[in-house]
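A.B. asks: The residues making up each chain are set out below.
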Amino acid sequence: MAFNIYDLTSFTQSIDKALYSVLPPFWAVATEMLIIGVAILAFYAVVGLYLVYAERKVCAFMQNRVGPNRVGPYGFFQTIADLIKLLFKELVHIKSADQLLFNLAPFIVICASFLAIAAIPFAKGLHAIDLNIGIFYVIAVSSTGVIGILLAGWSSNNKYSLIGAMRSGAQIVSYELSVGLSLITMVILSGSMQLSVIVENQANGWYIFKGHLPAIISFLVFLVASTAETNRGPFDLAEAESELTAGFHTEYSGIRFAFFFLAEYMNMFIVASIAATVFWGGWMPLHIGGWAAFNHIMDFIPPFIWYIGKTAVVIWIMMWFKWTFPRLRIDQLLSLEWKYLLPINLVNVLLMAFIVLMGWHF
Amino acid sequence: MTEKLIQEDIEHEEYTINMGPQHPSTHGVLRLVVSLKGEIVERVEPHCGYIHRGIEKMCEKLTYPQIIHLTDRLDYLSAHMNNHAVCLCVENALEIEVPERVRYIRTIMDELARIASHELWWCSFGMDLGGLTCFFYGLRDREKILDIFEETCGARLLLSYNTPGGVMYDLHPDFQKRVKEFIVYFRKKIKEYDDLLTGNVIMQQRTKGIGFLSKEDAISYGVTGPSGRGSGFSCDVRKHRPYGMYHKTDFKEILRYEGDTFARYIVRMDEMRESMNIIEQLIDNLPEGDFAVKMKPIIRLPEGEYYQSIEAARGEFGVYIISDGNKTPVRVKFRSPNFCNLSALDLISRKQKIADLVAIGGSLDYVIPDIDR
Amino acid sequence: MNNEELKNRVLTLVPESIITENKQFLTVIVPPDKLHKLAEELRYSEDTVFDYLFCLSGVDLKDTLMVVYHLTSTVYYHDIVLKVNTTDRINPQFDTVSDIWRTADFNEREVYDFFGIKFNNHPDMRRIFLDETTIKGFPFRKDYVDKNIIER
Amino acid sequence: MNSITEYFTGIFKALKSLVTGMKVTGKYFFSPWAIVTQQYPENRKKLVMKDRFKGELVMPHNENNEHKCTGCGICQINCPNGTIEVIPGFITTDDGKKKRFIDQHIYHLGLCTFCALCVKTCPSGALSFSTEFEHAVYNRQKLTRTLNKEGSKLMKGVE
Numbered sequence: 000m001a002f003n004i005y006d007l008t009s010f011t012q013s014i015d016k017a018l019y020s021v022l023p024p025f026w027a028v029a030t031e032m033l034i035i036g037v038a039i040l041a042f043y044a045v046v047g048l049y050l051v052y053a054e055r056k057v058c059a060f061m062q063n064r065v066g067p068n069r070v071g072p073y074g075f076f077q078t079i080a081d082l083i084k085l086l087f088k089e090l091v092h093i094k095s096a097d098q099l100l101f102n103l104a105p106f107i108v109i110c111a112s113f114l115a116i117a118a119i120p121f122a123k124g125l126h127a128i129d130l131n132i133g134i135f136y137v138i139a140v141s142s143t144g145v146i147g148i149l150l151a152g153w154s155s156n157n158k159y160s161l162i163g164a165m166r167s168g169a170q171i172v173s174y175e176l177s178v179g180l181s182l183i184t185m186v187i188l189s190g191s192m193q194l195s196v197i198v199e200n201q202a203n204g205w206y207i208f209k210g211h212l213p214a215i216i217s218f219l220v221f222l223v224a225s226t227a228e229t230n231r232g233p234f235d236l237a238e239a240e241s242e243l244t245a246g247f248h249t250e251y252s253g254i255r256f257a258f259f260f261l262a263e264y265m266n267m268f269i270v271a272s273i274a275a276t277v278f279w280g281g282w283m284p285l286h287i288g289g290w291a292a293f294n295h296i297m298d299f300i301p302p303f304i305w306y307i308g309k310t311a312v313v314i315w316i317m318m319w320f321k322w323t324f325p326r327l328r329i330d331q332l333l334s335l336e337w338k339y340l341l342p343i344n345l346v347n348v349l350l351m352a353f354i355v356l357m358g359w360h361f
Numbered sequence: 000m001t002e003k004l005i006q007e008d009i010e011h012e013e014y015t016i017n018m019g020p021q022h023p024s025t026h027g028v029l030r031l032v033v034s035l036k037g038e039i040v041e042r043v044e045p046h047c048g049y050i051h052r053g054i055e056k057m058c059e060k061l062t063y064p065q066i067i068h069l070t071d072r073l074d075y076l077s078a079h080m081n082n083h084a085v086c087l088c089v090e091n092a093l094e095i096e097v098p099e100r101v102r103y104i105r106t107i108m109d110e111l112a113r114i115a116s117h118e119l120w121w122c123s124f125g126m127d128l129g130g131l132t133c134f135f136y137g138l139r140d141r142e143k144i145l146d147i148f149e150e151t152c153g154a155r156l157l158l159s160y161n162t163p164g165g166v167m168y169d170l171h172p173d174f175q176k177r178v179k180e181f182i183v184y185f186r187k188k189i190k191e192y193d194d195l196l197t198g199n200v201i202m203q204q205r206t207k208g209i210g211f212l213s214k215e216d217a218i219s220y221g222v223t224g225p226s227g228r229g230s231g232f233s234c235d236v237r238k239h240r241p242y243g244m245y246h247k248t249d250f251k252e253i254l255r256y257e258g259d260t261f262a263r264y265i266v267r268m269d270e271m272r273e274s275m276n277i278i279e280q281l282i283d284n285l286p287e288g289d290f291a292v293k294m295k296p297i298i299r300l301p302e303g304e305y306y307q308s309i310e311a312a313r314g315e316f317g318v319y320i321i322s323d324g325n326k327t328p329v330r331v332k333f334r335s336p337n338f339c340n341l342s343a344l345d346l347i348s349r350k351q352k353i354a355d356l357v358a359i360g361g362s363l364d365y366v367i368p369d370i371d372r
Numbered sequence: 000m001n002n003e004e005l006k007n008r009v010l011t012l013v014p015e016s017i018i019t020e021n022k023q024f025l026t027v028i029v030p031p032d033k034l035h036k037l038a039e040e041l042r043y044s045e046d047t048v049f050d051y052l053f054c055l056s057g058v059d060l061k062d063t064l065m066v067v068y069h070l071t072s073t074v075y076y077h078d079i080v081l082k083v084n085t086t087d088r089i090n091p092q093f094d095t096v097s098d099i100w101r102t103a104d105f106n107e108r109e110v111y112d113f114f115g116i117k118f119n120n121h122p123d124m125r126r127i128f129l130d131e132t133t134i135k136g137f138p139f140r141k142d143y144v145d146k147n148i149i150e151r
Numbered sequence: 000m001n002s003i004t005e006y007f008t009g010i011f012k013a014l015k016s017l018v019t020g021m022k023v024t025g026k027y028f029f030s031p032w033a034i035v036t037q038q039y040p041e042n043r044k045k046l047v048m049k050d051r052f053k054g055e056l057v058m059p060h061n062e063n064n065e066h067k068c069t070g071c072g073i074c075q076i077n078c079p080n081g082t083i084e085v086i087p088g089f090i091t092t093d094d095g096k097k098k099r100f101i102d103q104h105i106y107h108l109g110l111c112t113f114c115a116l117c118v119k120t121c122p123s124g125a126l127s128f129s130t131e132f133e134h135a136v137y138n139r140q141k142l143t144r145t146l147n148k149e150g151s152k153l154m155k156g157v158e
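In order, the protein sequence lines correspond to chains X, Y, V and B.
Here numbering that gives the first Met the number 0 is used: position 263 in the first sequence is 262, and no number is missing along the way.
Here numbering that gives the first Met the number 0 is used: position 310 in the second sequence is 309, and no number is missing along the way.
Here numbering that gives the first Met the number 0 is used: position 48 in the third sequence is 47, and no number is missing along the way.
Here numbering that gives the first Met the number 0 is used: position 38 in the fourth sequence is 37, and no number is missing along the way.
Next up, chain X with everything else stripped away, as it sits in the complex (with noise of 0.2 Å):
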């Protein structure tokens, strides 16, 4: 069984051959699907969980504070410990809540988020399924985790819960618009949905520089408009806690809130994936045309690391985003959206279309 960290196909398929080899196909396929759900969700749970701490830390040192420090050196355990904390919680049991929805809820938002994962290509051969049509399925995808949140809010029986709920349904509605306007943009430079030809597309250079203007414009606006999708701040409307408490999950408690909780988080990552496999050329290794020696370099460097960088450096500007603007107005992010980004978007579009259609493009 060869094991190249740089290449992982040959890896992936020898498990697929071994076990195609010993059981008959059925169980094979049920067989690979345990074994990639299983490592799907390990894989979630650490990053749930360690972005939960990142996020802490990051915003404690944006703001002077030393951030999480009592569990473990750093406090590198502390969102391990809240994780148990929250297992042992008592559900609280709403009495004249939607019990069914009230229970699904944050099931759907969970599972949404975990759909969207299996396209995602981590590194060369590394992706649980490449799908023709990668970048539709994951816009597709996520944006199902909305209806977990309707359903929270209206299930919840709380007022504060409902308004949330109806704000992120605006939200995401929009916000949806602008997300797969400025894909598509990336779609018709490389020419393919399929995530794993976009990423190899990008060997001779990342898209957002081989795209000219319209590659920038973009990504700034995927940027925006992904973090609007994901209800983090300063879109972070329909928790708003000034304003709603905690807006759509008021009611849940113990393992259920950390569900709504860790699906935020894996959505923050999920879109910055996307930010980093469209725009910045997923696990690609940076080249730079001529510098023979440096992309030598710069190819030691396996393409897992290049990608988990990449996510975080986004992960970080939207972290960034978070802890410095204040929360805009319901009214102020629907003409953000209807205004601003979904006409320079419609322009992007065409601009970049013209570009691929002269050819200017590098």
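I should point out that these hints are in silico values taken from the structure, not numbers from a laboratory.
Note that CB positions come from ideal geometry on N, CA and C, so glycine has one too.
Warning: the hint list may mix true and false statements.
[As the list claims (entries may be wrong)] Only part of the chain Y face toward chain X is listed, based on derived beta-carbon distances under 7 Å:
1. E12
2. P23
3. S24
4. E38
5. L61
6. L128
7. G130
8. T132
9. R139
10. G198
11. V200
12. M202
13. Q204
14. V357
Please build the complex by placing chains Y, V and B on the supplied structure of chain X, with the hints as guidance.
C.D. replies: Structure of chains Y, V and B alone, referenced to chain X:
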């Protein structure tokens, strides 16, 4: 009554929510019954009294020096000004002239307390708008003032530093140095405040044109302090009925005429700068002398009525004492600025959004213990 | 207007009023039924313009209940203090001034809450701080007894 | 045309204001020396309290277990909250006079508002504030303290 309101709401297809008593943006235990139509606030009904302690009634049982420590607990952020008001009232009643040094000390302390209070307002206002980082920057700088207070007064928040006839202790030897250091430090930091929040486009859009309070309404509702001055109501007691050293210092009364949330914001920001100017004028000229005049062990106010108002951080704070010649007053009434400011909340937040209600509440800067007394 | 002129003005408006002058303020004791008329005149006439009611206090002087209005003008900066009192402790009533100065709205509710003085024509005459259901009586009155209060 | 330029200048002004704000937080993110948090239980050793800090009321005793309190009760009268209870005792001196002395000076820390009126009005300067601020106890009774130590006496020369 609330039941009636809810019934009315059902008829008008309105949506009643309780903001508070436990709510992040009411800054304490204030309950606002808000009627909404979607996101639009139709009316706000403040319900106060959750922490009413009957301080005015308690004062009727206490001697005048003992009243002072209770006034700390009104508007705890301008504790020093509240003490100052009571002391001035007692001194005026007894016709005592306090030494010049005392007046200097009190004025400097008042202005430091005002800066500290406005800093806390700034950070909580930022937090009301959703910019959580503001909160920590504001508190970080306020801490420096509290350290100065701690060094001289022995307490950080509830100072009880004034006594009738002077102050408790003389200034700490390091006081002047520390205050000057602070001013140099804070002039740098206030620029940062502007960068972070004042100039921010989101903040400006959320505050400009929101919560309009006209000058006539400000006067009629008795909205004083920075909130009133944001509407162009010239109500600075420091200018109109000078006390302490204000008649000898050169300072501007900050006035804005827009009357919206942003105007109230800018007035407070400018007041911090103006307060620093006042301190700078006074800190180098501190006269030598006693820090208190010798008072009789038991203070008896001559029979009569006495009113003294001072400019606290949130507006005109008044003390109205009726004495019958005994060592305890017959009636003490505190004119609380926040109580009057709160009464205008309903007027200015109608037809605004929920988020605006929070911003307006932040810009009125109410401190609940002062409302409830 | 200086105090002398104000005094004359008040006396022409309400001849029954008793005027005293102390160091700080010109104090007018007005008969309760004339209060609203006098307040309105002082607020709206061009040369007085007492537009800012800066302190409204209820006072219990053991036998009489009194409400004190501290007024000032933001145009002329002259002050006046109006007082109304009654010996009726069962059902004391005065006219509201909340239609003249909006700040009186909350302050009169406070006075009602603590002293039980009712203000006629007030738009919303109910307790503002205390709970209607649990607290009986008016705690700031001198004769208020509460067994929960521990005398020191 | 004018509205179009307004639209674009609006965008650029907004972006500029956002970047100025981000500069502030970004600067602090990369300057960890600006952290102001004090790590409390760890820094107890080197924690310096200000001398005048009103932590709790104490009655200083000298090395011979003597204090200055005469038991006059002025602090009790001046205390606004009933924090101080002075329980005096009386002894008959050699020349037949009854003399007041302090039997127990009881201090209810839980009621104290730290107004310092007792310290200020004490005629013999027997009371002072210590900078001790860690008042948390498990039992409310522990907040009631007797300030004069067991077997302590009045200092010579204090009347």
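A.B. asks: Does each hint hold? Answer for all of them.
C.D. replies: Hint-by-hint comparison with the structure:
1. The closest approach between the C-beta of E12(Y) and any C-beta of chain X is roughly 14 Å, which is over the 7 Å cut-off, so the hint fails.
2. Annotation: P23(Y) was flagged as interfacial toward chain X, and the flag holds, the nearest CB pair being 5 Å apart, inside 7 Å.
3. The beta carbon of S24(Y) is positioned within 7 Å of a beta carbon in chain X (closest approach about 4 Å), and the interface hint is therefore held.
4. This hint holds: E38(Y) has a C-beta 6 Å from the nearest C-beta of chain X, less than the 7 Å allowed.
5. Given hint, L61(Y) at the interface with chain X, is violated; its Cβ is 38 Å from that chain's nearest Cβ, farther than 7 Å.
6. The beta carbon of L128(Y) comes within 4 Å of a beta carbon in chain X, closer than 7 Å, and the hint placing it at the interface holds.
7. Taken as an interface hint, G130(Y) checks out: its beta carbon lies about 4 Å from the nearest beta carbon of chain X, inside 7 Å.
8. Taken as an interface hint, T132(Y) checks out: its beta carbon lies about 5 Å from the nearest beta carbon of chain X, inside 7 Å.
9. Proximity of R139(Y) to chain X holds as hinted, the smallest CB-CB distance being about 6 Å (cut-off 7 Å).
10. Because the smallest distance between the Cβ of G198(Y) and any Cβ of chain X comes to about 12 Å, over 7 Å, the interface hint for this residue is violated.
11. A distance limit of 7 Å between C-beta atoms decides the matter here; for V200(Y) the minimum to chain X is near 9 Å, and the interface restraint is violated.
12. Interface hint at M202(Y): satisfied, since its Cβ lies 5 Å from the closest Cβ of chain X, which is below the 7 Å cut-off.
13. Interface hint at Q204(Y): satisfied, since its Cβ lies 6 Å from the closest Cβ of chain X, which is below the 7 Å cut-off.
14. Among the interface hints, the one on V357(Y) holds; its C-beta lies about 5 Å from the nearest C-beta in chain X, closer than the 7 Å criterion.
Checked against the numbered hints given earlier, this structure breaks hints 1, 5, 10 and 11; the rest are met.
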